[in-house]
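Working from the sequences, and respecting the hints, build out all of it.
1 is the number of the first residue of the sequence shown in the UniProt record's numbering; add one for each residue after it.
With a straight-line cut-off of 30 Å between C-alpha atoms, the simulated DSSO-like cross-links for lysine-lysine are:
| hint | residue 1 | residue 2 |
| --- | --- | --- |
| 1 | Lys-81 | Lys-259 |
| 2 | Lys-148 | Lys-274 |
| 3 | Lys-259 | Lys-83 |
Calculated from the structure, these hints are not laboratory results. Fair warning: this is a prediction, and the values are worked out from it, not measured in the lab.
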Amino acid sequence: MATPASSNSSSARNPELRRDKINNKWVIFSPARSKRPSDFKSRAPASDPNQNPNQECPFCVGHEHECAPEIFRVPPDSGPKWKIRVIQNLYPALSRDLEPHSGDLGSLECGILPGFGFHDVVIETPTHPVHLSDLSSSGVAEVLLAYKQRIIQLASFEAIKYIQVFKNHGASAGASMSHSHSQIIALPIIPPSISTRLTAMKEHFDQTGKCILCEVPPKELLIHESRHFISIVPFAATYAFEIWIIPRHHSAHFHHIDKEKAEDLGCILKLMLKKMAMQLNNPPFNLMIHTSPIQSDDSHLSCTHWYLQIVPQLTVLAGFEVATGCHINPVFPEDGAKVLREVNVEM
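Put into C-alpha coordinates, the structure is as follows:
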(Lines of atoms letter the chains of each structure in order from A and count residues from 1; the text may use other names and numbers.)
(Lines give C-alpha, C1' and ligand atoms only; values in the text may rest on other atoms or scores of the structure.)
Protein backbone atom coordinates (compact mmCIF):
# COMPACT_ATOMS: atom_id res chain seq x y z
CA MET A 1 0.00 0.00 0.00
CA ALA A 2 1.64 3.25 -1.11
CA THR A 3 1.92 6.18 1.25
CA PRO A 4 3.06 9.72 0.50
CA ALA A 5 6.28 11.10 1.88
CA SER A 6 5.82 12.45 5.37
CA SER A 7 6.61 15.98 6.46
CA ASN A 8 7.08 17.76 9.74
CA SER A 9 3.91 19.79 9.24
CA SER A 10 0.78 18.39 7.65
CA SER A 11 -0.23 21.93 6.63
CA ALA A 12 2.69 21.93 4.15
CA ARG A 13 1.07 19.10 2.23
CA ASN A 14 -1.51 19.29 -0.53
CA PRO A 15 -5.00 17.86 -0.10
CA GLU A 16 -5.49 14.24 -1.10
CA LEU A 17 -8.37 11.90 -1.77
CA ARG A 18 -7.80 8.36 -0.53
CA ARG A 19 -9.98 5.34 -1.12
CA ASP A 20 -10.89 3.22 1.87
CA LYS A 21 -10.75 -0.18 0.17
CA ILE A 22 -12.25 -1.97 3.18
CA ASN A 23 -15.41 0.13 3.41
CA ASN A 24 -15.46 1.16 -0.27
CA LYS A 25 -15.58 4.92 0.22
CA TRP A 26 -13.45 7.99 -0.38
CA VAL A 27 -11.98 10.33 2.23
CA ILE A 28 -10.66 13.86 1.63
CA PHE A 29 -7.53 14.81 3.59
CA SER A 30 -7.39 18.57 3.92
CA PRO A 31 -4.60 19.61 6.33
CA ALA A 32 -5.25 23.29 5.69
CA ARG A 33 -8.42 22.89 7.78
CA SER A 34 -6.50 22.17 10.98
CA LYS A 35 -3.61 23.30 13.11
CA ARG A 36 -0.60 21.08 13.58
CA PRO A 37 -1.74 17.52 14.40
CA SER A 38 0.06 17.70 17.74
CA ASP A 39 -2.15 20.65 18.71
CA PHE A 40 -5.42 18.83 18.05
CA LYS A 41 -7.37 18.70 21.31
CA SER A 42 -10.96 18.03 22.27
CA ARG A 43 -12.74 21.25 23.24
CA ALA A 44 -15.32 19.30 25.23
CA PRO A 45 -13.73 16.58 27.39
CA ALA A 46 -15.95 13.55 27.89
CA SER A 47 -15.87 13.76 31.68
CA ASP A 48 -15.77 16.56 34.21
CA PRO A 49 -12.50 16.46 36.21
CA ASN A 50 -14.43 17.97 39.14
CA GLN A 51 -17.00 15.15 39.09
CA ASN A 52 -18.12 14.03 42.55
CA PRO A 53 -16.37 10.68 43.21
CA ASN A 54 -19.30 9.67 45.43
CA GLN A 55 -21.87 10.19 42.69
CA GLU A 56 -24.23 7.24 42.20
CA CYS A 57 -26.66 6.16 39.48
CA PRO A 58 -28.76 3.11 38.54
CA PHE A 59 -25.63 1.39 37.15
CA CYS A 60 -23.79 1.62 40.48
CA VAL A 61 -23.50 -1.26 42.91
CA GLY A 62 -26.46 -1.28 45.31
CA HIS A 63 -28.83 0.15 42.68
CA GLU A 64 -29.41 -3.06 40.74
CA HIS A 65 -33.16 -2.90 41.44
CA GLU A 66 -33.39 0.35 39.43
CA CYS A 67 -32.22 -1.34 36.21
CA ALA A 68 -33.90 -3.48 33.59
CA PRO A 69 -33.62 -7.27 34.12
CA GLU A 70 -30.16 -8.75 34.47
CA ILE A 71 -28.93 -11.33 31.93
CA PHE A 72 -25.74 -12.35 33.76
CA ARG A 73 -22.99 -10.96 35.94
CA VAL A 74 -19.26 -11.50 36.27
CA PRO A 75 -18.24 -13.40 38.32
CA PRO A 76 -21.38 -15.59 38.19
CA ASP A 77 -23.38 -15.68 41.44
CA SER A 78 -21.13 -12.98 42.88
CA GLY A 79 -23.97 -11.18 44.64
CA PRO A 80 -23.07 -7.58 45.58
CA LYS A 81 -19.38 -8.23 44.76
CA TRP A 82 -19.95 -8.22 40.98
CA LYS A 83 -17.42 -6.72 38.55
CA ILE A 84 -19.55 -6.60 35.37
CA ARG A 85 -23.28 -6.83 34.78
CA VAL A 86 -25.01 -7.49 31.44
CA ILE A 87 -28.60 -6.26 31.53
CA GLN A 88 -31.45 -5.55 29.17
CA ASN A 89 -31.64 -1.95 27.95
CA LEU A 90 -34.45 -0.12 29.71
CA TYR A 91 -35.19 1.78 26.48
CA PRO A 92 -34.41 -0.77 23.75
CA ALA A 93 -34.20 0.07 20.06
CA LEU A 94 -35.63 -3.37 19.26
CA SER A 95 -37.93 -5.74 21.15
CA ARG A 96 -36.98 -9.27 22.17
CA ASP A 97 -40.70 -9.96 22.81
CA LEU A 98 -41.85 -9.65 19.19
CA GLU A 99 -42.22 -12.60 16.84
CA PRO A 100 -39.37 -12.49 14.30
CA HIS A 101 -40.00 -12.62 10.56
CA SER A 102 -39.74 -16.25 9.44
CA GLY A 103 -39.58 -15.92 5.65
CA ASP A 104 -37.00 -14.81 3.13
CA LEU A 105 -36.13 -11.13 3.58
CA GLY A 106 -35.81 -10.77 -0.17
CA SER A 107 -39.49 -11.61 -0.57
CA LEU A 108 -40.69 -8.65 1.47
CA GLU A 109 -42.88 -6.44 -0.74
CA CYS A 110 -43.59 -3.66 1.75
CA GLY A 111 -40.02 -3.34 3.06
CA ILE A 112 -41.21 -3.60 6.68
CA LEU A 113 -40.08 -6.11 9.30
CA PRO A 114 -41.27 -6.57 12.88
CA GLY A 115 -38.83 -4.77 15.17
CA PHE A 116 -37.52 -7.98 16.69
CA GLY A 117 -34.03 -7.99 18.14
CA PHE A 118 -32.03 -7.58 21.32
CA HIS A 119 -30.58 -4.46 22.91
CA ASP A 120 -28.39 -5.03 25.96
CA VAL A 121 -26.13 -2.95 28.20
CA VAL A 122 -22.77 -4.07 29.57
CA ILE A 123 -22.02 -2.25 32.83
CA GLU A 124 -18.22 -2.36 32.86
CA THR A 125 -17.61 -1.48 36.51
CA PRO A 126 -19.67 -1.20 39.73
CA THR A 127 -18.05 2.14 40.63
CA HIS A 128 -19.29 5.37 39.04
CA PRO A 129 -16.07 7.40 38.53
CA VAL A 130 -14.14 4.43 37.07
CA HIS A 131 -13.82 4.32 33.27
CA LEU A 132 -12.83 1.46 30.98
CA SER A 133 -9.26 2.81 30.66
CA ASP A 134 -8.98 2.92 34.48
CA LEU A 135 -9.44 -0.84 34.75
CA SER A 136 -6.43 -3.11 34.76
CA SER A 137 -5.57 -4.82 31.48
CA SER A 138 -7.11 -8.02 32.86
CA GLY A 139 -10.19 -6.03 33.87
CA VAL A 140 -10.58 -4.76 30.32
CA ALA A 141 -10.15 -8.36 29.13
CA GLU A 142 -13.01 -9.44 31.40
CA VAL A 143 -15.26 -6.88 29.70
CA LEU A 144 -14.23 -8.24 26.29
CA LEU A 145 -14.99 -11.79 27.41
CA ALA A 146 -18.40 -10.64 28.66
CA TYR A 147 -19.06 -9.36 25.13
CA LYS A 148 -18.05 -12.78 23.80
CA GLN A 149 -20.33 -14.61 26.22
CA ARG A 150 -23.35 -12.52 25.31
CA ILE A 151 -22.65 -12.73 21.56
CA ILE A 152 -22.59 -16.53 21.77
CA GLN A 153 -25.92 -16.48 23.59
CA LEU A 154 -27.50 -14.17 21.00
CA ALA A 155 -26.07 -16.16 18.09
CA SER A 156 -28.22 -19.12 19.15
CA PHE A 157 -31.32 -17.30 17.87
CA GLU A 158 -31.85 -18.31 14.25
CA ALA A 159 -33.44 -14.96 13.32
CA ILE A 160 -30.36 -12.97 14.41
CA LYS A 161 -28.08 -12.09 11.48
CA TYR A 162 -25.68 -9.49 12.86
CA ILE A 163 -24.49 -8.44 16.34
CA GLN A 164 -22.97 -5.01 16.96
CA VAL A 165 -20.93 -4.21 20.07
CA PHE A 166 -20.31 -0.51 20.66
CA LYS A 167 -19.41 1.98 23.36
CA ASN A 168 -20.32 5.67 23.51
CA HIS A 169 -18.09 7.66 25.87
CA GLY A 170 -19.21 11.22 26.58
CA ALA A 171 -22.51 12.97 25.92
CA SER A 172 -21.51 14.32 22.49
CA ALA A 173 -20.59 10.75 21.46
CA GLY A 174 -24.09 9.55 22.32
CA ALA A 175 -23.74 8.37 25.92
CA SER A 176 -26.90 9.03 27.95
CA MET A 177 -25.29 7.75 31.18
CA SER A 178 -21.87 8.84 32.44
CA HIS A 179 -21.29 5.52 34.26
CA SER A 180 -18.93 3.45 32.10
CA HIS A 181 -20.90 1.04 29.94
CA SER A 182 -21.19 -0.38 26.44
CA GLN A 183 -24.04 -1.81 24.41
CA ILE A 184 -24.87 -4.81 22.25
CA ILE A 185 -27.58 -4.79 19.58
CA ALA A 186 -28.54 -8.01 17.80
CA LEU A 187 -30.30 -7.47 14.47
CA PRO A 188 -32.48 -9.64 12.21
CA ILE A 189 -30.78 -8.04 9.17
CA ILE A 190 -27.26 -7.36 7.93
CA PRO A 191 -26.89 -3.54 7.78
CA PRO A 192 -25.91 -2.06 4.37
CA SER A 193 -22.54 -0.78 5.59
CA ILE A 194 -21.66 -4.30 6.76
CA SER A 195 -22.68 -5.78 3.42
CA THR A 196 -20.56 -3.16 1.63
CA ARG A 197 -17.54 -4.04 3.76
CA LEU A 198 -17.99 -7.78 3.18
CA THR A 199 -18.29 -7.28 -0.58
CA ALA A 200 -15.19 -5.05 -0.71
CA MET A 201 -13.14 -7.52 1.32
CA LYS A 202 -14.24 -10.43 -0.88
CA GLU A 203 -13.41 -8.51 -4.06
CA HIS A 204 -9.90 -7.81 -2.74
CA PHE A 205 -9.47 -11.48 -1.82
CA ASP A 206 -10.70 -12.64 -5.22
CA GLN A 207 -8.25 -10.28 -6.95
CA THR A 208 -5.18 -10.93 -4.78
CA GLY A 209 -5.79 -14.21 -2.96
CA LYS A 210 -5.16 -12.37 0.32
CA CYS A 211 -7.27 -10.97 3.14
CA ILE A 212 -6.80 -7.19 3.07
CA LEU A 213 -6.44 -6.92 6.86
CA CYS A 214 -3.86 -9.72 6.98
CA GLU A 215 -1.52 -7.58 4.87
CA VAL A 216 1.21 -5.80 6.82
CA PRO A 217 0.45 -2.05 6.96
CA PRO A 218 3.12 0.59 6.25
CA LYS A 219 5.19 1.30 9.35
CA GLU A 220 4.16 4.98 9.15
CA LEU A 221 0.62 3.96 10.11
CA LEU A 222 1.63 1.75 13.03
CA ILE A 223 1.02 2.93 16.59
CA HIS A 224 1.78 -0.19 18.61
CA GLU A 225 2.07 -3.94 18.23
CA SER A 226 1.69 -6.81 20.65
CA ARG A 227 1.91 -10.57 20.36
CA HIS A 228 -1.57 -10.98 18.86
CA PHE A 229 -2.64 -7.48 17.74
CA ILE A 230 -1.48 -4.33 15.98
CA SER A 231 -2.92 -0.85 16.37
CA ILE A 232 -2.85 1.58 13.44
CA VAL A 233 -4.36 4.73 12.05
CA PRO A 234 -5.90 3.37 8.83
CA PHE A 235 -4.58 4.54 5.45
CA ALA A 236 -7.86 6.29 4.59
CA ALA A 237 -9.03 7.13 8.11
CA THR A 238 -12.47 8.72 8.08
CA TYR A 239 -11.84 10.64 11.30
CA ALA A 240 -8.86 12.48 12.79
CA PHE A 241 -6.80 10.17 15.04
CA GLU A 242 -9.07 7.21 14.30
CA ILE A 243 -7.56 3.97 15.64
CA TRP A 244 -8.00 0.38 14.49
CA ILE A 245 -6.87 -2.61 16.55
CA ILE A 246 -6.49 -5.62 14.26
CA PRO A 247 -5.75 -9.28 15.07
CA ARG A 248 -2.38 -10.33 13.62
CA HIS A 249 -3.75 -13.74 12.65
CA HIS A 250 -6.79 -14.17 10.44
CA SER A 251 -10.09 -14.30 12.33
CA ALA A 252 -13.54 -13.58 10.95
CA HIS A 253 -15.49 -13.46 14.22
CA PHE A 254 -14.69 -11.53 17.38
CA HIS A 255 -16.45 -14.12 19.54
CA HIS A 256 -13.82 -16.73 18.60
CA ILE A 257 -11.32 -14.85 20.78
CA ASP A 258 -9.80 -16.93 23.60
CA LYS A 259 -8.68 -15.85 27.06
CA GLU A 260 -5.03 -15.36 26.08
CA LYS A 261 -5.91 -13.11 23.15
CA ALA A 262 -8.51 -11.26 25.23
CA GLU A 263 -5.80 -10.47 27.80
CA ASP A 264 -3.54 -9.16 25.04
CA LEU A 265 -6.36 -7.14 23.49
CA GLY A 266 -7.25 -5.73 26.91
CA CYS A 267 -3.69 -4.47 27.27
CA ILE A 268 -3.44 -2.81 23.86
CA LEU A 269 -6.96 -1.36 24.10
CA LYS A 270 -6.18 0.20 27.47
CA LEU A 271 -2.96 1.62 26.02
CA MET A 272 -4.77 3.19 23.05
CA LEU A 273 -7.45 4.73 25.26
CA LYS A 274 -4.78 6.17 27.56
CA LYS A 275 -2.76 7.60 24.65
CA MET A 276 -5.87 9.14 23.10
CA ALA A 277 -7.03 10.66 26.40
CA MET A 278 -3.62 12.15 27.14
CA GLN A 279 -2.95 13.58 23.68
CA LEU A 280 -6.47 14.73 22.80
CA ASN A 281 -7.70 16.01 26.19
CA ASN A 282 -9.89 13.02 27.06
CA PRO A 283 -12.22 13.38 24.07
CA PRO A 284 -15.67 11.85 23.73
CA PHE A 285 -15.31 8.73 21.60
CA ASN A 286 -17.09 5.80 20.01
CA LEU A 287 -15.68 2.29 20.19
CA MET A 288 -17.02 -0.38 17.81
CA ILE A 289 -16.24 -4.02 17.12
CA HIS A 290 -16.62 -4.81 13.41
CA THR A 291 -17.12 -8.54 13.03
CA SER A 292 -18.65 -10.90 10.48
CA PRO A 293 -22.34 -11.79 10.29
CA ILE A 294 -23.31 -14.69 12.53
CA GLN A 295 -24.28 -16.97 9.67
CA SER A 296 -21.35 -16.22 7.33
CA ASP A 297 -20.73 -18.91 4.73
CA ASP A 298 -17.32 -20.43 4.06
CA SER A 299 -16.72 -18.20 1.02
CA HIS A 300 -16.64 -15.13 3.29
CA LEU A 301 -14.79 -16.54 6.29
CA SER A 302 -11.46 -16.65 4.45
CA CYS A 303 -11.62 -13.00 3.37
CA THR A 304 -13.34 -11.21 6.28
CA HIS A 305 -11.33 -10.13 9.30
CA TRP A 306 -12.73 -8.53 12.45
CA TYR A 307 -11.24 -5.37 13.96
CA LEU A 308 -11.93 -2.87 16.72
CA GLN A 309 -12.36 0.81 15.80
CA ILE A 310 -11.98 3.82 18.12
CA VAL A 311 -13.24 7.19 16.87
CA PRO A 312 -12.47 10.30 18.96
CA GLN A 313 -15.14 12.93 18.40
CA LEU A 314 -13.06 16.01 17.54
CA THR A 315 -15.01 17.51 14.65
CA VAL A 316 -18.66 18.00 13.76
CA LEU A 317 -20.30 16.19 10.86
CA ALA A 318 -21.38 18.92 8.41
CA GLY A 319 -23.50 19.28 5.31
CA PHE A 320 -20.93 18.05 2.79
CA GLU A 321 -20.37 14.79 4.70
CA VAL A 322 -24.11 14.23 5.18
CA ALA A 323 -24.82 14.94 1.51
CA THR A 324 -22.05 12.86 -0.03
CA GLY A 325 -20.93 10.30 2.56
CA CYS A 326 -17.41 11.55 1.75
CA HIS A 327 -15.73 12.77 4.94
CA ILE A 328 -13.10 15.50 5.29
CA ASN A 329 -10.27 14.55 7.64
CA PRO A 330 -7.94 17.40 8.68
CA VAL A 331 -5.14 15.07 9.87
CA PHE A 332 -3.15 12.80 7.58
CA PRO A 333 -3.05 9.24 9.02
CA GLU A 334 0.77 9.14 9.04
CA ASP A 335 0.84 12.30 11.16
CA GLY A 336 -1.85 11.04 13.52
CA ALA A 337 -0.07 7.71 13.97
CA LYS A 338 3.25 9.46 14.70
CA VAL A 339 1.67 11.68 17.35
CA LEU A 340 -0.04 8.75 19.09
CA ARG A 341 3.03 6.55 18.78
CA GLU A 342 5.14 9.12 20.60
CA VAL A 343 2.74 9.62 23.52
CA ASN A 344 4.18 7.99 26.63
CA VAL A 345 1.66 6.75 29.19
CA GLU A 346 1.87 4.84 32.44
CA MET A 347 -0.10 1.61 32.53
